[in-house]
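These protein sequence lines map, in sequence, to chains A and B.
Each step along the first sequence adds one to the number in my numbering, with nothing skipped, and position 33 is 33.
Each step along the second sequence adds one to the number in my numbering, with nothing skipped, and position 227 is 227.
Do not rely on the hints blindly, as some may be mistaken.
Simulated pairs of lysine to any residue, SDA-like, Cα-Cα distance not exceeding 20 Å [stated by the list, open to error]:
1) K74(B) with D57(B)
2) K158(A) with G110(B)
3) K269(A) with T212(A)
4) K111(B) with S159(A)
5) K73(B) with G110(B)
6) K73(B) with P95(B)
7) K81(B) with E3(B)
8) K145(B) with A229(A)
9) K231(B) with E30(B)
10) K239(A) with P95(B)
11) K231(B) with G32(B)
12) K239(A) with D33(B)
13) K158(A) with K198(B)
14) K233(A) with T98(B)
15) K198(B) with M164(B)
16) K145(B) with D152(A)
17) K158(A) with R117(B)
18) K231(B) with F248(B)
19) K182(B) with Q193(B)
20) K120(B) with D152(A)
21) K120(B) with M155(A)
22) K80(A) with K120(B)
23) K148(A) with L115(B)
24) K52(A) with F64(A)
25) K145(B) with T171(A)
26) K73(B) with G181(A)
27) K145(B) with S230(A)
28) K145(B) with V240(A)
29) K121(B) with D152(A)
30) K91(B) with T171(A)
31) K74(B) with G181(A)
32) K91(B) with T144(B)
33) K231(B) with D33(B)
No lab work stands behind these hints: they were computed from the structure.
Since this is a predicted model, take the numbers as computed values, not measurements.
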Amino acid sequence: MSLILSVFEQGMIYAIMALGVYITYKILDFPDMTVDGSFPMGAAITAVLINKGVNPLLTLPICFVAGGVVGIITGLIHVKLKVRDLLAGIIMMTGLYSVNLRIAGKANLPFYNQPTIFENDFLSALFPSWLANYRTVIICLIITIIVKYLLDWYMSTKSGFLLRAVGDNDTLVTSLGVDKGLVRIVGLSLANALVTLSGCLYAQQQGFFDSTMGTGTAVMGLAGVIIGASLFKKFTLFKVTASVVIGMLLYKGCVALAIWVGMPASDMKLITAVLFLIILVLTSDRKKKVTVHA
Amino acid sequence: MLELNHIHKYYNPGTVNQMCLFEDFSLRIEDGDFVSVVGSNGSGKTSMLNIICGSIDVDSGNILVNGEDITNKKDFLRHRKIGRVFQDPSKGTCPTMTIMENMSIAENKGKPFNLGRGVKKDKMEYFQSLLRPLNLGLEDKMHTKVGALSGGQRQALALLMSTMTPIEFLILDEHTAALDPKTAEIIMGLTDQIVREKKVTTIMVTHNLRYAVEYGNRLIMMHEGNAILDKSGTDKQNINADEIMRVFNKISIECGN
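With the rest of the complex left out, here is chain B (with noise of 0.2 Å):
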């Protein structure tokens, strides 16, 4: 269960450019959630998801996983337990690096990064049996580097690798925006694959409402740093992408735009 309580937190403090983004927000998601968070550009909602992940500090408010307080917690600590990927393709994988090299470092999170040999040739088959059923041909091209793929290979090879390993938390941060449509219905399969076969609580933030309505069982909108909308279980079933968008067009008329 992950909880963020009474999270505080203003950018450019002290300043006349303060600007305040979260003012006492909490926000619970519980074990095995898919959570859709959808909103306009600037309601928070990467900015939680950079919370969550400790990529920014919070002014006051904590933060706590299954109790367990991580507010001060070092983001590379906490990324132990969270696989994440993000909107830009290159960010998940190492553009120098081959999809083998690629894989062989993200399947050894959690064990010590020793001088241990870097690329283990008896896990190629195990790798190749990963990439099969993405039908996008890198099972063959293991020793192609990843800055020559296209951006959906390469985030559909992030997300897997992003997975690989035991992990508590997946984080979506609009994984699907830079990709054709094609390439994104894609890569949502696979997430929805992923998140069903692991049983992982899920947060995926999107602007794609289609996808937040259709996928996860707790839909979230995001305005000024609140969630103004929050449904889960038969209410999220039973909603449809143009009730949100009326939602969305009435916020966003309210905010004069």
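With the rest of the complex left out, here is chain A (with noise of 0.2 Å):
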């Protein structure tokens, strides 16, 4: 029961990350491994904050807020420095390594002691002691739900369609009159804001922030948003963003059941990576994708 627990726990808030890559990878056709720098990153900063004794609720606004400044410095280096996409993201994955060290001043720092979106006294009030157990699990859905329906409504407006549309034809944003260059900086921006957003939650489920968590954030990021695309193609039910939520879950679930079924955990990030090809070759609309834009 835990285990299911856990996974619907992290598979939310990974949920959260894979909402961002599926803007870089599905709407602007942009592996962006930005992500395994900005994921621990939101969790290096919630993790100073939160010992600081800042109200855990405030670390969410910060760190999206840190996350779109990332995603901007991203898109600067591939938009002004003409740099490829796949290599700006390596650029800021490696440097982002050693900032998250800066951030935190060592490489594994735990907040176990400490008040979180998920402990504290209020909630603790608020939940009687039978839902104790799902109090996470209900937290996680919740937040996840809203980033969901925010980012729903953000692709409603006029700027959501302009960013659909430059990673669709970027030569009709052109002739539209706006900066096409521009609109992939505020697509990589908002982007990275989600990803740091869920790894400041995935920090403050933990109680730690560790350097090495954002090794195969990207990876992860990519199966959810695949499975999700790829599974519910035929379902005009879910929206692309809830498809994308569940693909996650569903992935999250494969490898804890390889985990569960025997495997040892060290073996998570082959079991994340051998996943990830697996559901890359069953899926056949990775041709089109391959494709890089410089």
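Using the hints, put the two chains back together into the complex; each one sits in its own frame.
Printed below as a string of structure tokens:
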């Protein structure tokens, strides 16, 4: 039972990251590796702030903004300095590793006994004791749903339309008299803001920051996006954002299942990678997505 | 008025593959002109459009619009006054967005793309009234993704979208070349109607000599980066396709092909 709960908790948290990856990979057609750095950055910022006694709720908007700034930098490297998309992300990912160590001050920063958005006096009073075990998963669900609907709303605005247009056909964006580079930067910023927010939640759920916790984030996000987008292609019932969330949950479930049937926990990243490969092979739409726009 | 003054453009400058495209090329287009441009492949027609639109830079020379030098102006800024339709029908529309959504973003050109609603339902009638005269049935497919439409339907939509907002120039880059003859006729008729209604200065590159003769009030033939034939006014009215074909054949023979 606790295994299923933890799959849902982490799945919901990672789903927010996957929504960010969805923006870059599916909408902008930009395989953004920055997420491997911006995800743990959210955790690092959160660990430091919570240890300083900052209200845990306040860490959410702070991480969101910090992630937005990181996304802008990736965008500037790609658009203004004309570095290829994949390389721009790898540069940021590598640089952020050290930045995260600087933020946290050390490679592992726990905050087990501090209040978080999942564990605080207010919540303890609010939730009856029989619900206590489900507290974290309920809060994760609420936050993920809010983020999903906010993203849906943004995608229906004029600005969101431009974002969809730039990934689809950037010539049209130029024809509309809009700087396509700027639109890309906005998209990357929003995506990394979501990823960093997800890192912030993950740290609060785990109770620590670890410098290596970002490894494989991009792969996980892509897996969630691709599972969601291909499994629910036929269903018009779900919006794409909802399928991404479900895709992420399924993926987390598969990884957990592999551990549960006896794979050692140290094989987690290998399972993550191999599962992703299997999904890529099983879904056919990867072919057209391989073309990289520099 | 659009002026290209002493344009020089080389491809691969400084290498053995250096190729001269334009050498001291000048052209003047008056307000309200509808210019048809013909010429063989590689004669510089599309490059000229790209230079006007800012898609490629020039090595020297300048581009003036109503006296204002726009040579170093960024492409997207120039497009605020330019409507452009490409040969490839997919370049003028967004395939994953619906007709309604595509027309909504086109209609918002020149206005800020802020957090306001992307689709305004009250515009539906207006958009449908624009689509109805095309007789392509697009007005009943407002919520269909454009990627599901045929090339001709997309091109018609692209043409409408590029002229929905006030523009000074309409740039047509072989916009009927990828279409079947019947659809090409429809698109050409629509083009002529839009140009007349909006009185927009138009430059149309085409490989169809008949269109070049039939439409517009000026005809230019490009060859090796020069306008070797430039007819306007009554000269243009009296010209026929055979005559152009003769000039065309002559230059082709000189080139050895």
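Problem - Hints violated by the structure (numbers, ascending) - result: 6, 12, 13, 22
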